[in-house]
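Protein chains: 2
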Amino acid sequence: MAELERLLATEAEALEQLLVSLLPAETGPAAKLHAAMRYASLGGGKRLRPFLVGAGARLFDVPPARARRVGAALELIHCYSLVHDDLPAMDDAATRRGRPTCHRQFDEATAILVGDALQSLAFEVLADPATHPDPEVRCSLVEGLAKAAGAAGMCGGQQLDLAAEGASLQLDQIILLQQLKTGALFRFACESGAVLGQADAAERTALRAFADDLGLAFQIKDDLLDVAGDPALAGKELGQDQAAGKATLVAALGLDGARQRLAELRQSALVSLERFGPAAGPLRQIFDFVITRAY
Amino acid sequence: MAELERLLATEAEALEQLLVSLLPAETGPAAKLHAAMRYASLGGGKRLRPFLVGAGARLFDVPPARARRVGAALELIHCYSLVHDDLPAMDDAATRRGRPTCHRQFDEATAILVGDALQSLAFEVLADPATHPDPEVRCSLVEGLAKAAGAAGMCGGQQLDLAAEGASLQLDQIILLQQLKTGALFRFACESGAVLGQADAAERTALRAFADDLGLAFQIKDDLLDVAGDPALAGKELGQDQAAGKATLVAALGLDGARQRLAELRQSALVSLERFGPAAGPLRQIFDFVITRAY
Chain G
1 MAELERLLAT EAEALEQLLV SLLPAETGPA AKLHAAMRYA SLGGGKRLRP FLVGAGARLF
61 DVPPARARRV GAALELIHCY SLVHDDLPAM DDAATRRGRP TCHRQFDEAT AILVGDALQS
121 LAFEVLADPA THPDPEVRCS LVEGLAKAAG AAGMCGGQQL DLAAEGASLQ LDQIILLQQL
181 KTGALFRFAC ESGAVLGQAD AAERTALRAF ADDLGLAFQI KDDLLDVAGD PALAGKELGQ
241 DQAAGKATLV AALGLDGARQ RLAELRQSAL VSLERFGPAA GPLRQIFDFV ITRAY
Chain S
1 MAELERLLAT EAEALEQLLV SLLPAETGPA AKLHAAMRYA SLGGGKRLRP FLVGAGARLF
61 DVPPARARRV GAALELIHCY SLVHDDLPAM DDAATRRGRP TCHRQFDEAT AILVGDALQS
121 LAFEVLADPA THPDPEVRCS LVEGLAKAAG AAGMCGGQQL DLAAEGASLQ LDQIILLQQL
181 KTGALFRFAC ESGAVLGQAD AAERTALRAF ADDLGLAFQI KDDLLDVAGD PALAGKELGQ
241 DQAAGKATLV AALGLDGARQ RLAELRQSAL VSLERFGPAA GPLRQIFDFV ITRAY
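Here the protein sequences come in this chain order: G and S.
For the first sequence, counting from 1, position 51 maps to 51 in the numbering used here; every step adds exactly one.
For the second sequence, counting from 1, position 7 maps to 7 in the numbering used here; every step adds exactly one.
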């Protein structure tokens, strides 16, 4: 696991440098917006989704610089969603990654614009020829990320999450909610490596299946940490889901049931990766990292 | 002008039908989000930007169905920006197009998600092969719209607009603000016809110049209507800019100066269109419509 953590840190640093170059400089008449975009995107997070893009792309010998651009676009979408989810009208969160949330550090109007502009930038990055020389591949990435981020993906999931407050959801409803809210971006993360590598349909299907297990496992672990994690390590307030009366996977499965499900998801994920042999090592390790992490 | 208004109405109706088919149906677990997306995008507006895409595309014999898809993507971006600009943290507007604004009709969290999901959908539409068979063209459209909508375009302009409340801006600062806030989408509207038609650089430059004159004229007319328009025709509250102490073009130029500038912009716009001959008729007519409209 120490080897994986080193690899995660190295990849996160390379991604950070790329984001620094892609985000607008803190100059010009709209410098405040630019500063807030950088505040919301730089210097934080495990960069798990970009790591998955790179680990998937590696299976098809895709140059790392291309995978990193896709990872950057995906991370821009993820960061925009955090900024908007933290707004007073949504989760009304005060801290994120150990710092004031974007609307607390700047103001609410700026935070709304930050999210909007980060989303635009993500698609600008994907459409750029530097991402892949074949425009068909770039269009496929744009379409995939747009679907994963939009009403049939992340935004739809966030809508279900808002509606879930105080409601008593069934397990399958909670799973659907999570598949949309967090699962759709995980799926894009894992599948985009195959898109970059112009892999065949069976390979894409296997990576999608792996991603779906990983996304659900990530959410179960997140819920476990929300119940029993360390706020200092998390960099945000914990116990928020319980306080808001949200139906979580852990509430629906019970603590033992949740841990049992994690083990089942791990087995299923490993089966999906079998066809890729030793090259899928980082994907196997990241699964174990996700279900054992302390933050 | 009656002929143009008929053409505008015909095009608006065709665009409406396309948007109806592109927007998610009001069904499924996130039906509320889908309903709010449709509320924010359907049944309103002059659809000026999509009309410009079509009028530009016509110069290069682009099939109207392709231009209409680009127009739909652009209109989705425009509609998302209206939803977010109307939010309490931004302009706090109660009515839009004669109806309650999206956050008043639904709620604030839903309105934020509506804007986010409409933006994703816009890029999904552009990346789809139905928009143009050549993926290089589709990537160019994605990149162009992302730049026009993002920090270097519309979002940057909205940031300047928020900062302008109570500030005394110079004329060139107000012009920059408007070039970003409204001008960038007008420019994309006019230029995208040339992108679809794979026109040469000189033709693209001429359409950009026309768009810049049109965008500024549109804004001056908007400011004039805000001072002396009919709220019943506008479908929104007027006099808001003055009340908010915003520096408008009309405040900076004076009423006579503003009307003089409109005449100069018209001359300049006509010069830009000369190379296109009679085929540019709708673009000439739309300029006159924009500066003489009563709403």
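Incorrect hints may have been included.
When chains are identical, the list treats them as one kind, so a pair holds in a single copy or across two.
Simulated crosslink set (DMTMM-like; lysine to aspartate or glutamate; CA at most 20 Å straight-line) [said to hold, decoys possible]:
#	residue 1	residue 2
1	K147	D212
2	K147	E274
3	K32	D200
4	K32	E136
5	K46	D256
6	K32	E165
7	K32	E13
8	K147	E26
9	K147	D128
10	K46	E274
Rather than coming from a laboratory, the hints here were simulated on the basis of the structure.
Each hint, compared with the structure:
1. Taking the shortest Cα distances, K147 and D212 sit within 20 Å of each other inside one copy (16 Å), while across copies they are farther apart (32 Å).
2. Taking the closest pair of Cα atoms, K147 and E274 never come within 20 Å of each other, the shortest separation being 28 Å inside a single copy and 42 Å across copies.
3. Taking the closest pair of Cα atoms, K32 and D200 never come within 20 Å of each other, the shortest separation being 45 Å inside a single copy and 37 Å across copies.
4. Taking the shortest alpha-carbon separations for K32 and E136, neither the intra-copy value of 36 Å nor the inter-copy value of 34 Å comes in at or below 20 Å.
5. In this assembly of identical chains, K46 and D256 lie within 20 Å of each other by CA distance neither inside one copy nor across copies; the values are 27 Å within and 58 Å between.
6. In this assembly of identical chains, the alpha carbons of K32 and E165 lie at most 20 Å apart only when taken from different copies (15 Å versus 34 Å within one copy).
7. For the identical chains of this complex, K32 and E13 are neighbours neither inside a copy (25 Å) nor across copies (40 Å), given an alpha-carbon limit of 20 Å.
8. Taking the closest pair of Cα atoms, K147 and E26 come within 20 Å of each other only across two copies (17 Å); inside a single copy the shortest separation is 31 Å, beyond that limit.
9. When the C-alpha separation of K147 and D128 is checked against a cutoff of 20 Å, the pair qualifies both within a copy, at 19 Å, and between copies, at 11 Å.
10. With identical chains, the CA atoms of K46 and E274 are never at most 20 Å apart, being 26 Å at best within one copy and 56 Å at best between copies.
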